[in-house]
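For the record, the sequence lines run as chains A and B. For the first sequence, the working numbering gives the first residue as 11, with consecutive numbering after it. For the second sequence, the working numbering gives the first residue as 11, with consecutive numbering after it.
It is possible that part of the hints are untrue.
Pairs count within a copy or across copies, as identical chains cannot be separated in the list.
As the list claims (entries may be wrong) - With a cut-off of at most 16 Å between alpha-carbon atoms, the simulated EDC-like pairs for lysine to aspartate or glutamate come out as follows:
#1 Lys136 x Glu198
#2 Lys117 x Glu82
#3 Lys117 x Glu27
#4 Lys39 x Glu132
#5 Lys137 x Glu198
#6 Lys137 x Glu85
#7 Lys117 x Asp28
#8 Lys117 x Glu85
#9 Lys136 x Asp41
#10 Lys275 x Glu85
#11 Lys136 x Glu85
#12 Lys117 x Glu146
#13 Lys278 x Glu82
#14 Lys280 x Glu85
#15 Lys278 x Glu261
#16 Lys278 x Glu119
#17 Lys275 x Asp118
#18 Lys279 x Glu146
#19 Lys275 x Glu198
Simulated from the structure, these hints should not be mistaken for lab results. Being a predicted model, the structure only gives us computed values, none of them experimental.
There are 2 protein chains.
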Amino acid sequence: MIPASRPASGSLAALGEDGLLRLLTAHWKIDPDRVLTGVGDDCAVLRGDGRNHFLLLKTDAVVEGVHFAAHERPEWIGRKALARALSDLAAMGAVPLAAVITLGTAKDESARRLRAIYRGIEGVAKKYRVDLVGGETTRAGQLFLNVALLGECRGYRPVLRSGARAGDLLFVTGRLGATRARRHLLFEPRLAEGEWLARHGFASSLMDLSDGVGADLPRLARASGVGFQLDPQAIPRARGATLSAALNDGEDYELLFTATPSHAKTLKKKWPFTTPLHSIGVMTPRGTKSRDAIFAHGFDHFKQR
Amino acid sequence: MIPASRPASGSLAALGEDGLLRLLTAHWKIDPDRVLTGVGDDCAVLRGDGRNHFLLLKTDAVVEGVHFAAHERPEWIGRKALARALSDLAAMGAVPLAAVITLGTAKDESARRLRAIYRGIEGVAKKYRVDLVGGETTRAGQLFLNVALLGECRGYRPVLRSGARAGDLLFVTGRLGATRARRHLLFEPRLAEGEWLARHGFASSLMDLSDGVGADLPRLARASGVGFQLDPQAIPRARGATLSAALNDGEDYELLFTATPSHAKTLKKKWPFTTPLHSIGVMTPRGTKSRDAIFAHGFDHFKQR
Numbered sequence: 011m012i013p014a015s016r017p018a019s020g021s022l023a024a025l026g027e028d029g030l031l032r033l034l035t036a037h038w039k040i041d042p043d044r045v046l047t048g049v050g051d052d053c054a055v056l057r058g059d060g061r062n063h064f065l066l067l068k069t070d071a072v073v074e075g076v077h078f079a080a081h082e083r084p085e086w087i088g089r090k091a092l093a094r095a096l097s098d099l100a101a102m103g104a105v106p107l108a109a110v111i112t113l114g115t116a117k118d119e120s121a122r123r124l125r126a127i128y129r130g131i132e133g134v135a136k137k138y139r140v141d142l143v144g145g146e147t148t149r150a151g152q153l154f155l156n157v158a159l160l161g162e163c164r165g166y167r168p169v170l171r172s173g174a175r176a177g178d179l180l181f182v183t184g185r186l187g188a189t190r191a192r193r194h195l196l197f198e199p200r201l202a203e204g205e206w207l208a209r210h211g212f213a214s215s216l217m218d219l220s221d222g223v224g225a226d227l228p229r230l231a232r233a234s235g236v237g238f239q240l241d242p243q244a245i246p247r248a249r250g251a252t253l254s255a256a257l258n259d260g261e262d263y264e265l266l267f268t269a270t271p272s273h274a275k276t277l278k279k280k281w282p283f284t285t286p287l288h289s290i291g292v293m294t295p296r297g298t299k300s301r302d303a304i305f306a307h308g309f310d311h312f313k314q315r
Numbered sequence: 011m012i013p014a015s016r017p018a019s020g021s022l023a024a025l026g027e028d029g030l031l032r033l034l035t036a037h038w039k040i041d042p043d044r045v046l047t048g049v050g051d052d053c054a055v056l057r058g059d060g061r062n063h064f065l066l067l068k069t070d071a072v073v074e075g076v077h078f079a080a081h082e083r084p085e086w087i088g089r090k091a092l093a094r095a096l097s098d099l100a101a102m103g104a105v106p107l108a109a110v111i112t113l114g115t116a117k118d119e120s121a122r123r124l125r126a127i128y129r130g131i132e133g134v135a136k137k138y139r140v141d142l143v144g145g146e147t148t149r150a151g152q153l154f155l156n157v158a159l160l161g162e163c164r165g166y167r168p169v170l171r172s173g174a175r176a177g178d179l180l181f182v183t184g185r186l187g188a189t190r191a192r193r194h195l196l197f198e199p200r201l202a203e204g205e206w207l208a209r210h211g212f213a214s215s216l217m218d219l220s221d222g223v224g225a226d227l228p229r230l231a232r233a234s235g236v237g238f239q240l241d242p243q244a245i246p247r248a249r250g251a252t253l254s255a256a257l258n259d260g261e262d263y264e265l266l267f268t269a270t271p272s273h274a275k276t277l278k279k280k281w282p283f284t285t286p287l288h289s290i291g292v293m294t295p296r297g298t299k300s301r302d303a304i305f306a307h308g309f310d311h312f313k314q315r
């Protein structure tokens with residue numbers, strides 16, 4: 011007998027976010043003359059003018075009750091909305107250019123709270139030099155913010171999820187599993203680190219950690235057609251974090267990337283940031299038994315936990 | 011005494027959509043070396059590579075219960091979501107390049123309905139040659155679709171709202187005030203017409219009609235710092251439409267534009283489209299008493315009607 015709590019097949023809970031996105035977009039075809047990568051990476055990448063110019067396009071929404079609680083500090087809500095999208099540009103090594111914001115809000119929302127949310131957006135935009143160039147507002151039953159970002163790589167190529175090869179070393183920036191308040195609202199997008207990795211050609215694949223290593227590393231491995239071996243002891247944990255929290259809580263917005271053994275040596279020597287850098291495993295040939303027993307779920311908005 | 015139904019000052023109902031957007035974004039400064047126009051026009055315009063290359067960025071959302079009813083044909087919902095954003099590119103004379111879609115949806119939504127909505131998006135994308143390059147899904151209390159669009163003008167300048175001068179003639183494409191079903195779901199974005207007007211330098215200002223001439227013409231006049239005189243008899247009405255419907259119902263997504271008298275002559279002669287073209291008035295010096303007694307409201311999601 012199927013337990014009553016099991017989601018019906020075809021329901022979104024059964025599909026999960028990845029499954030729903032696949033269902034809706036897997037058949038989308040890109041024109042390789044115009045598009046380097048479409049659905050399935052952190053951003054879409056369009057070819058720009060000349061061989062080493064690329065335009066990156068990203069859309070991302072935060073929804074009240076899903077990505078933040080109604081009582082949270084309004085400035086932090088706005089901060090998160092833009093910083094999340096910026097983290098996806100960092101995840102390809104791109105430089106942000108401009109953002110446009112859609113605000114969905116109830117009719118009885120207070121203008122003061124909305125202004126505070128926008129101050130949060132403006133603070134992040136200033137810090138990371140993003141031009142805020144457009145906005146729309148619409149009535150909605152629940153507050154949401156959608157950020158659309160344009161970025162570029164000029165003079166170098168963006169790093170895709172799909173470039174990892176067996177033998178590459180696996181790295182992560184920062185420390186994982188900090189308390190929820192610190193992670194999910196106050197993280198810094200790793201734009202400088204991502205750009206540095208891409209510009210110097212150090213990373214063979216790159217993504218950001220939104221759902222936790224436990225959910226995101228298998229995505230990177232799948233996109234690259236390889237397996238992985240993770241060294242759980244090597245995972246850098248925030249003060250007080252359990253291994254499970256570091257792996258599965260998500261919303262760290264740190265960078266996860268791979269490098270060839272020779273690049274790995276150089277990059278560890280030349281890493282110019284105070285942001286911690288740790289090697290946490292190695293990529294293996296496809297089909298290698300991966301140490302995924304420790305992977306619980308990662309965070310999925312649709313899947314039942 | 012203030013009537014009980016009057017919205018509290020500072021509430022969104024009192025501000026309206028334009029007022030809310032001004033409150034949140036009026037202090038945003040653009041860097042004129044990088045940005046041609048930011049908030050306040052149909053799209054944001056960034057300077058591209060070279061003197062006559064511009065990148066356009068647009069974000070736009072449709073929300074269930076606000077922009078479409080739950081019972082409406084899912085394909086038409088998707089159609090509308092993308093066509094609305096395309097109409098804003100048409101409104102500057104730009105050519106669409108790529109779109110990324112954010113879907114917000116309840117956990118118990120049917121996957122079949124979502125696929126049908128996406129089929130609607132795909133049909134419009136194919137027709138107007140937009141690359142669908144990315145998507146996100148998120149859980150939400152109510153279905154919404156946010157479309158972010160990248161477009162360009164290559165070899166010519168986009169037409170802003172702010173270029174109308176006193177003496178310019180006022181034009182509108184198509185016929186206004188059709189039945190709601192025909193207008194708000196099945197309109198065609200006037201991309202070819204907009205591009206033609208911009209490429210040949212025929213339009214001094216240009217926008218699309220989302221809220222009706224009654225609400226949108228004053229916006230164009232304000233952006234250009236001019237007044238206007240409208241000839242109500244000249245307004246092309248859809249079969250059976252009253253003048254009030256043609257002026258105020260909104261969601262026609264036709265183009266409203268101005269042209270100097272000499273350009274007006276040429277463009278009427280050379281207009282290569284089957285889409286109707288009508289001259290409906292003239293722009294006047296600022297402060298001229300405009301014939302705005304007939305303007306009721308236009309459509310505003312926040313304002314009480």
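Do the hints match the structure? See the list:
Taking the shortest alpha-carbon separations for Lys136 and Glu198, only the intra-copy value of 13 Å comes in at or below 16 Å, while the best inter-copy value is 38 Å. Taking the shortest alpha-carbon separations for Lys117 and Glu82, neither the intra-copy value of 20 Å nor the inter-copy value of 23 Å comes in at or below 16 Å. Within a single copy, Lys117 and Glu27 get their C-alpha atoms only as close as 30 Å, which misses the 16 Å cut-off; across copies the closest is 10 Å, which meets it. Proximity of Lys39 and Glu132 under a CA criterion of 16 Å is satisfied inter-copy only: 11 Å between copies versus 36 Å inside one chain copy.
Proximity of Lys137 and Glu198 under a CA criterion of 16 Å is satisfied intra-copy only: 10 Å inside one chain copy versus 40 Å between copies. Taking the closest pair of Cα atoms, Lys137 and Glu85 come within 16 Å of each other only inside a single copy of the chain (14 Å); across copies the shortest separation is 41 Å, beyond that limit. Taking identical chains as interchangeable, the C-alpha atoms of Lys117 and Asp28 lie at most 16 Å apart only when they sit on different chains, with a minimum of 14 Å there against 33 Å within one chain. Taking the shortest alpha-carbon separations for Lys117 and Glu85, neither the intra-copy value of 20 Å nor the inter-copy value of 28 Å comes in at or below 16 Å.
Proximity of Lys136 and Asp41 under a CA criterion of 16 Å is satisfied inter-copy only: 12 Å between copies versus 35 Å inside one chain copy. For a Cα distance limit of 16 Å, the shortest separation of Lys275 from Glu85 qualifies neither inside one copy, at 40 Å, nor across copies, at 53 Å. In this assembly of identical chains, Lys136 and Glu85 lie within 16 Å of each other by CA distance solely inside one copy; the values are 14 Å within and 40 Å between copies. Taking CA atoms no more than 16 Å apart as the test, Lys117 paired with Glu146 passes inside one copy only; the shortest distance there is 15 Å, against 26 Å between copies.
Neither within a single protomer nor between protomers do Lys278 and Glu82 lie at most 16 Å apart by alpha-carbon distance, with minima of 38 Å and 56 Å respectively. For the homomeric pair Lys280 and Glu85, neither the shortest alpha-carbon distance inside one copy (36 Å) nor that between copies (53 Å) is at most 16 Å. In this homomeric assembly, Lys278 and Glu261 never come within 16 Å of each other (Cα to Cα): the closest approach is 25 Å inside a single copy and 57 Å across copies. Taking the shortest Cα distances, Lys278 and Glu119 never come within 16 Å of each other, neither inside one copy (49 Å) nor across copies (47 Å).
Within a single copy, Lys275 and Asp118 get their C-alpha atoms no closer than 57 Å, and across copies no closer than 49 Å, so neither meets the 16 Å cut-off. For the identical chains of this complex, Lys279 and Glu146 are neighbours neither inside a copy (46 Å) nor across copies (37 Å), given an alpha-carbon limit of 16 Å. In this homomeric assembly, Lys275 and Glu198 never come within 16 Å of each other (Cα to Cα): the closest approach is 26 Å inside a single copy and 56 Å across copies.
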